[in-house]
Amino acid sequence: MIALYLTLALPFAGALLLGLIGHRRVADRVSMAVSGATFAASAAVAVRVLRAGPLLSGGRMFYIDAFNVYLLVLTAFVGLTTAIFSRPYMAHEVRAGRVNARRMRLYHSMYQGFLFTMLLALSTNNLGILWIAMEGATLSTVLLVSLYRTPESVEAAWKYFILCGVGLAQALFGTVLLYFAAARVLPRDEALLWTALHAAAPALDPAVVALAFVFLLIGYGTKVGLVPLHNWLPDAHSEGPTPVSAILLGLLLNVALYAVVRMKMLVDPALGTPLAGHLMMGFGMLSFLVAVLFLHRQRDIKRLYSYSSIEHMGLMTFAFGVGGPLATFGALLHMTVHSLTKSSIFITAGHASHIAGTQRIERIRGLIRTQPAIGWGLLLGTAAIAGFPPFGVFTSEFLILIATMKAWPWLTPLLLLGLGIAFAGLFRHLHPMVYGERPAGQGPVAANMLPVVVQLALVLWLGLAIPGFLAHWFDQATHLISGVALSGSGL
Amino acid sequence: MTGLRGLDLTQQLILLLAALVLFTSFVMLAQSRLVGLVRVFAWQGVLLAVTTGLVAHVSGHAHLYISALLTLFLKGLLIPWILHRLVIRLGLERKREADANRTLVQLGGASLVIFSYYVALPAVQLSTLFTRNTIAVSLAVVLLGLLLMIVRRKAVSQVVGFMSMENGLFFAAVVATYGMPMVVELGIAFDVLVAAILFGVVFLQIRASIDSLDVDRLNRLNESEP
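Protein sequence lines, in the order shown, are assigned to chains A and B.
The numbers in the numbering used here rise by one with no breaks, and the one at position 249 of the first sequence is 249.
The numbers in the numbering used here rise by one with no breaks, and the one at position 104 of the second sequence is 104.
For the record, the hints were derived by calculation from the structure and aren't laboratory data.
Incorrect hints may have been included.
[Said to hold, decoys possible] Selected chain A positions facing chain B (Cβ under 8 Å, derived; list incomplete):
id, residue
1, 105
2, 128
3, 129
4, 135
5, 136
6, 142
7, 146
8, 161
9, 162
10, 169
11, 176
12, 179
13, 199
14, 203
15, 207
16, 437
Everything numeric in this text was worked out from a predicted model, so none of it was measured.
All C-beta atoms, glycine included, are put in the ideal place defined by N, C-alpha and C.
Just need the whole structure built from these sequences, with the hints factored in.
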C-alpha cells in the first residue's frame, strides 16, 4: 500500500521540486532520480499484487489488479528510460539555443507532472478521477508541445489542446451519464467507483449505458488517436521535444486505451450485446487502414512514426473489440511491446534528427556510417515495430491475426494487407536514412543508447519467450477483460 | 407524462433555467463581437450557478452549495474576467467577426437541439418529462458549444465555445444526478481553471508567432506540405 502511495507521491513531489530548481544544471539528474525511485516503487506494487492479488486501498480510492499493474510498471519504466534519454538530448537543445533555462524548468516540472497524471489515471478506482487525470495529462503537456515557440509548435499545441479538450468533454458527458445510470442502483458515493460499478453492471439501464459508452469511446478515443479524431497526434508529436513525443506516444495512448477498455468491461455485462466490441472494432480497423496509407506520404521522421503509432493503436483497439481470450491476450502484449519499441524508436529518431540538423526524412542520410549505434538502433527498432520475427511485436500481431481468423475470417485479409502496406511505408523511408554515404560535415552527437538497448532487448525477449510471471499477469488480465483466461480456454 | 402540470414548482423552475441556459447558447452563436460573447458566457455561468443553488436547496445536498459558489466564482466571474482582459489586451474589443452564414448557423443550432431530444428519447430511464428535458437540453448546450467552435475563426471564440460545452456537462451533472461526488467536482473545477489560464498563455504564444488570433492562419501543419 505504501509502495502505491509512493508511486504517486514521488512524481508529484518531483513536479513541485523541479518547478523550483528545474533551471539549475542538476535538474536533469534530479528528474532521473525521481523517475528511478518511482519505477522502484511501482515494481514493489507489482510484487505485492503478484503475491497477494488485487489491491484495494482504504476508502476504495485506488484499485490495482492484474490489468493495470503491468501498465503501471511499464509507465514508470518508460518514464525512467525517457528521463535518461532526455538528459543528453535536452542539453543539446540548450546548447543550440532552442530552449532557455526558464523553459527547462517548465519542461522538467511538467514532465514529472505528466507522469503523475498517467500513474493516477492508471491506479484510481474512481471514474471521475480517471477523467480528471486524463485532462490533467493534456494540461501538463500543452506547454511542452509548444516548448520551442516556433509557429508550427504553437499551432500543434493549439490543435492538441482544442481537439483533446473537446474529446475529453465528450468523455465527461459519458461519465456523467454512467453516474446517472449508476445512481439508481448504487449509493451515491459508490456510483463512480469502478469496482462497485463492475459488480452492479448487470443492473444498470442498458439504454443509458450504451449512450454513455458512445461518448466515452469518442472522448478517450480522441486521446488514443483513433481516426477520424487523430489530427492532433502527428502534429503534437512532430513539433514537441522528442522526449515529450516519446512519453506521449509510449504512455498517453496506452493509458487512454486502458480507459476505453475499462469502460468496455463495465458496458459488456450491462448491455449483454457486443455493441461496445463492434464499435471498437470499427474504429480500430478504420484507424489501422487510414494510418498505414498515410505512412507513405510522410516527409518528417517523427510524423512517420506518429502515424505508425496510430496504426498500432488502431490494431489494439480492434483486438480488444474482437474480445475473446486470444485477441485480448494479444492486445495486452501488443500494448507492452509497442510502448517499449516506439519509445526507443523516438529516442533514436531524436538523435538522428540532431545528427542531420533537421527532421526532414530526405535530408537524413547515412546514419550507420555516421554513428553506427543510432543507425542500427533505428533499423532494428523499425524492424521490430514492422512486425519482424523474432521481436515481440511479431508475436502479438500473430496472436491477433489468429484470433481474427477464428472470429472474423473475412477481416483477416484486410489486416494482412494493412501490415504489408505499413511494412513498405516504413522501409521505403528507412533505407535511405540508415544506409548510404555519410553526407559531408555530418558528425556523431552525444547520445545515451542504454535505454534503447534495454528496451529493444526486452522486446526481443518477449518475442522469444514471455517470462512466466508476466504471462500469468497477462492471463489474469485476459480473464478480467474477456471473462476467460487463455490458459483455461483450450487454445 | 401529464405535461407541465404534473411537475412541482422547483422542477418547473429548473426547466425554465434549462431553457434560459439553452437560450444563452443561441445568443452566443448570434453574437459576433468578442466582448459581447464573453459577457453572454458569463451570464450562462451565472444561470448555471443559480440552477445549482436551486437544486442544492431542493435536494438538501449541502455540497451542492459549495459547488454553486464555485461555479459562480469560476464560470460567472473569474474565467469571463480573464477572457475579457485578454480581449482588451489583444486589442480585439472593436473587431466584429465575419462568420459563416448566421441564419444557417442558427438553423443548424436548432436542428442540433432536435437531434439531442432524438438521442435522449429512447432511454427508458429518461421516461419522465423532467429528466428527458434536462438531459436533452444539456446535450444540446454541449453540441451548440461545439458548433460555436466550428463556425468561429477567432481563438477566443473557440475557447468560449469550449467552456460553454463544459457548462452543458456541468448542467447535466447537477440536474440529472444532483452533482458528482465532491472530490470529483473539485478536481473538474481545478482542471477547468487551469485550462482557462493555459488558454491565455497559448493565446499569447499564438499572437507572438503569427501576429493574429485567426485560427485560419494556423495552417502550416498538414499532409500536403511540400
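For each hint, the structure was consulted:
| no. | hint | verdict |
| --- | --- | --- |
| 1 | 105 | 15 Å, violated |
| 2 | 128 | 3 Å, holds |
| 3 | 129 | 6 Å, holds |
| 4 | 135 | 5 Å, holds |
| 5 | 136 | 6 Å, holds |
| 6 | 142 | 6 Å, holds |
| 7 | 146 | 6 Å, holds |
| 8 | 161 | 6 Å, holds |
| 9 | 162 | 6 Å, holds |
| 10 | 169 | 5 Å, holds |
| 11 | 176 | 5 Å, holds |
| 12 | 179 | 5 Å, holds |
| 13 | 199 | 18 Å, violated |
| 14 | 203 | 12 Å, violated |
| 15 | 207 | 4 Å, holds |
| 16 | 437 | 25 Å, violated |
In terms of the numbered hints stated before, the structure departs from hints 1, 13, 14 and 16, listed from lowest to highest.
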